[in-house]
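Whole structure, please, built from the sequences with the hints as guidance.
Order-wise, the sequence lines are chains A and B. When you number the first sequence by numbering that gives the first Met the number 0, it's gap-free, plus one each residue, and the end is 430. When you number the second sequence by numbering that gives the first Met the number 0, it's gap-free, plus one each residue, and the end is 224.
Source of the hints: derived by calculation from the structure; they are not laboratory data. Keep in mind that the hints are not guaranteed to be accurate.
Said to hold, decoys possible - With a straight-line cut-off of 20 Å between C-alpha atoms, the simulated DMTMM-like cross-links for lysine to aspartate or glutamate are:
hint, chain 1, residue 1, chain 2, residue 2
1, A, Lys300, B, Glu46
2, A, Lys300, B, Asp43
3, A, Lys405, B, Asp157
4, B, Lys209, A, Glu38
5, A, Lys269, B, Glu46
6, A, Lys313, A, Glu281
7, A, Lys405, B, Asp162
8, A, Lys401, B, Asp157
9, B, Lys209, A, Glu95
10, A, Lys322, A, Asp288
11, A, Lys363, A, Glu336
12, A, Lys300, A, Glu257
13, A, Lys80, A, Asp69
14, B, Lys209, A, Asp399
15, A, Lys269, B, Asp43
16, A, Lys401, B, Asp162
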Amino acid sequence: MHSLFPKCPHGKSDCIQYIAVLFSFCLFILHSGCIDNPEIIHPTFENDTIITHAKPLQSLVMNSTEGVYDIVSSSVNWGSKAVLHWTNGALCFYFENSGIYAVLRGGTVNNTFAFSGLWRNPLTINTGKVQCIIEDTTQIMSIIRSGTISQLTTIPITLNILSNAGESRQSLTLRYARPSKYRNENYFIIAHRGGGRNSDLLPYSENSLELIRFSQYIGANAVEIDIKLTSDGIPILYHDTDFNSRLIGNGTLIGPVESFSFTQIRTFAKLHDGSNIPTLREALNFIIDSTSLRFVWLDIKSANAMRAIIPLQKEFTQKAQQKNKLLFIAAGLATEEFIQDFMTIPQFSTIPSIVETTVDDMRKVNAKVFAPRWTLGTQNELIQSVQTDGRFAFVWTLDDQKFIRKFLAEGQFNGILTNFPSIVAYEYYAQ
Amino acid sequence: MACLVKAQSNEIDTLTHRGVLYARHSPYALTWSLGIAITSIPRDIVEEEINRFPFLQADIAYGLPYNFSLVAKLNTMVLTNRLLSGIQWNYPLSSFDIALGTDIGYLLGFVTINGFDNSINSWLVYPYIQCGYHHNEILVSVRAEAEYITSQQTFAGDIQVSDTRNRRNGLAFSLIIEQPFFHNQRCALGLKISYSDFVYQAWPAFETFKRTLTVPEVFCAFTFP
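Here it is as structure tokens:
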């Protein structure tokens with residue numbers, strides 16, 4: 000009979016050969032990375048004439064058209080309602096189902112409103128391009144100028160939607176329903192890790208500058224960023240203890256972040272999107288100069304980073320004030336150890352901080368924010384007592400739509416930390 | 000001629016009753032194996048909190064008359080435990096054996112990460128088809144299985160985070176070799192590629208993102224007796 004394997008010439012023990020062969024194969028599979036898990040193909044807009052040629056809309060148009068819209072016809076299952084929100088001149092929609100969002104840029108081209116951008120289901124790899132063209136704007140402009148916004152309900156807005164690969168074209172039509180109930184209230188939608196985790200397959204790496212910018216368009220008005228310290232004392236935005244393939248695109252650095260100087264890190268480590276690991280200084284400058292974010296939660300990942308962070312926190316709070324920008328920067332104190340370290344800093348009680356442990360700890364350090372984890376529930380009485388002291392209360396990290404809805408409906412918090420800001424944005428503005 | 004056939008049959012019985020994961024088991028013979036399984040879960044999902052701990056894997060098979068067998072499997076690393084048991088039937092074809100079977104599994108896990116007291120319990124069903132080839136003292140098996148979640152609940156403390164019912168989870172394909180190792184000791188080596196939405200080894204990640212993952216697993220075990 001034909002043998003499956005070469006015959007062992009020296010007896011049974013040589014079967015170890017087979018083991019070696021199979022083991023090598025298995026190790027190869029495990030470590031060569033030859034198995035690709037699904038990646039997302041983000042749309043690109045280099046040659047998009049709408050984005051490059053359209054003139055920005057007047058702020059009156061933007062303010063008047065914000066609100067909750069009914070989806071009156073659709074060939075996609077994005078829910079029955081959407082929220083329209085303008086952020087830094089971008090037209091943003093947040094849909095009822097799974098926080099699907101669309102971010103479009105554009106404005107006026109002749110007598111037409113023209114917008115082009117991307118849509119994404121944040122819980123899946125589904126994404127693609129979307130366009131919105133309103134050819135005759137005379138009626139819209141006369142409604143807006145007359146201030147009879149309720150008449151916007153007569154104007155259909157159609158989105159043309161392309162899937163990831165562009166093979167199918169679908170459409171969705173909305174009509175204005177009402178203004179957002181809470182659109183002027185001071186509520187914080189805080190994007191985790193600058194906008195989301197790498198596992199959420201966003202267009203930019205977690206804790207990168209571009210993701211911080213992008214977080215505004217997907218619903219956030221605040222960010223949480225992770226801070227580690229380099230060996231030469233520079234605070235940088237990085238989450239993990241070590242340099243690893245999860246966060247770094249080129250694997251030239253191996254080992255604890257704190258073992259490397261800033262120069263080494265800047266020279267040898269790039270994030271997955273090809274950008275540099277930002278310093279905290281670069282990030283705070285960027286937030287002040289290039290975003291409309293109102294709150295920065297500094298999640299301190301190593302106790303030795305505390306003393307390097309506080310001066311930057313003060314410096315950039317002052318810089319924001321000088322630019323008449325409403326920005327609050329607070330140091331996150333996640334553990335008892337961090338709180339003890341924090342209390343050794345001179346005048347610690349004047350430094351804005353966020354305490355995640357207990358209300359007693361919060362009062363001890365005079366923290367501005369109390370931030371319990373969501374599994375402790377809405378804790379309404381406790382949260383109200385925090386707020387009567389003039390402090391804020393945030394809850395972390397809420398990602399599930401049903402719990403986000405529950406906390407918004409039943410809770411008293413001033414903000415939600417989330418990996419999916421578009422879900423919170425929809426649920427918050429559509430209340 | 001009859002003696003020769005009888006002798007061949009005995010040889011195969013002797014061989015197959017020593018295979019645990021093979022498609023065929025000798026009637027009333029108990030075999031078992033103990034080893035480790037390592038799964039390569041995408042790092043962006045498990046991050047730092049959940050390291051790629053190897054799982055202890057125990058398999059047991061008991062041959063029944065009429066080509067039936069009872070089989071069971073335990074995968075455990077204390078925080079995550081999966082117990083499968085099922086019945087399979089085989090059809091011998093010369094040097095080959097074809098087996099059909101179904102395993103029913105229970106998954107129990109509990110872990111505290113970042114102050115979150117997480118737990119999971121789940122009922123799973125794995126129908127499968129397996130093809131075995133035996134030659135000399137080597138048993139080679141190729142197996143294809145489907146995975147269904149009949150009921151699965153995850154908890155953060157007392158709060159039920161998710162409740163999944165009757166969901167097709169994915170497919171898995173395995174290649175297993177059982178062979179002599181040293182003196183009378185035998186071993187089993189396997190590679191399993193799963194293509195599934197929920198990877199039980201990574202349940203503490205509580206991934207909210209919905210995607211189907213291709214996940215390789217290797218295992219090696221010593222088989223007894």
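Going down the list of hints, with the structure as the test:
| no. | hint | result |
| --- | --- | --- |
| 1 | A:Lys300 / B:Glu46 | holds, 15 Å |
| 2 | A:Lys300 / B:Asp43 | holds, 18 Å |
| 3 | A:Lys405 / B:Asp157 | holds, 16 Å |
| 4 | B:Lys209 / A:Glu38 | holds, 12 Å |
| 5 | A:Lys269 / B:Glu46 | holds, 18 Å |
| 6 | A:Lys313 / A:Glu281 | holds, 15 Å |
| 7 | A:Lys405 / B:Asp162 | holds, 17 Å |
| 8 | A:Lys401 / B:Asp157 | holds, 16 Å |
| 9 | B:Lys209 / A:Glu95 | holds, 17 Å |
| 10 | A:Lys322 / A:Asp288 | holds, 9 Å |
| 11 | A:Lys363 / A:Glu336 | holds, 14 Å |
| 12 | A:Lys300 / A:Glu257 | holds, 11 Å |
| 13 | A:Lys80 / A:Asp69 | holds, 5 Å |
| 14 | B:Lys209 / A:Asp399 | holds, 12 Å |
| 15 | A:Lys269 / B:Asp43 | holds, 16 Å |
| 16 | A:Lys401 / B:Asp162 | holds, 12 Å |
Checked against the numbered hints given earlier, the structure satisfies every one of them.
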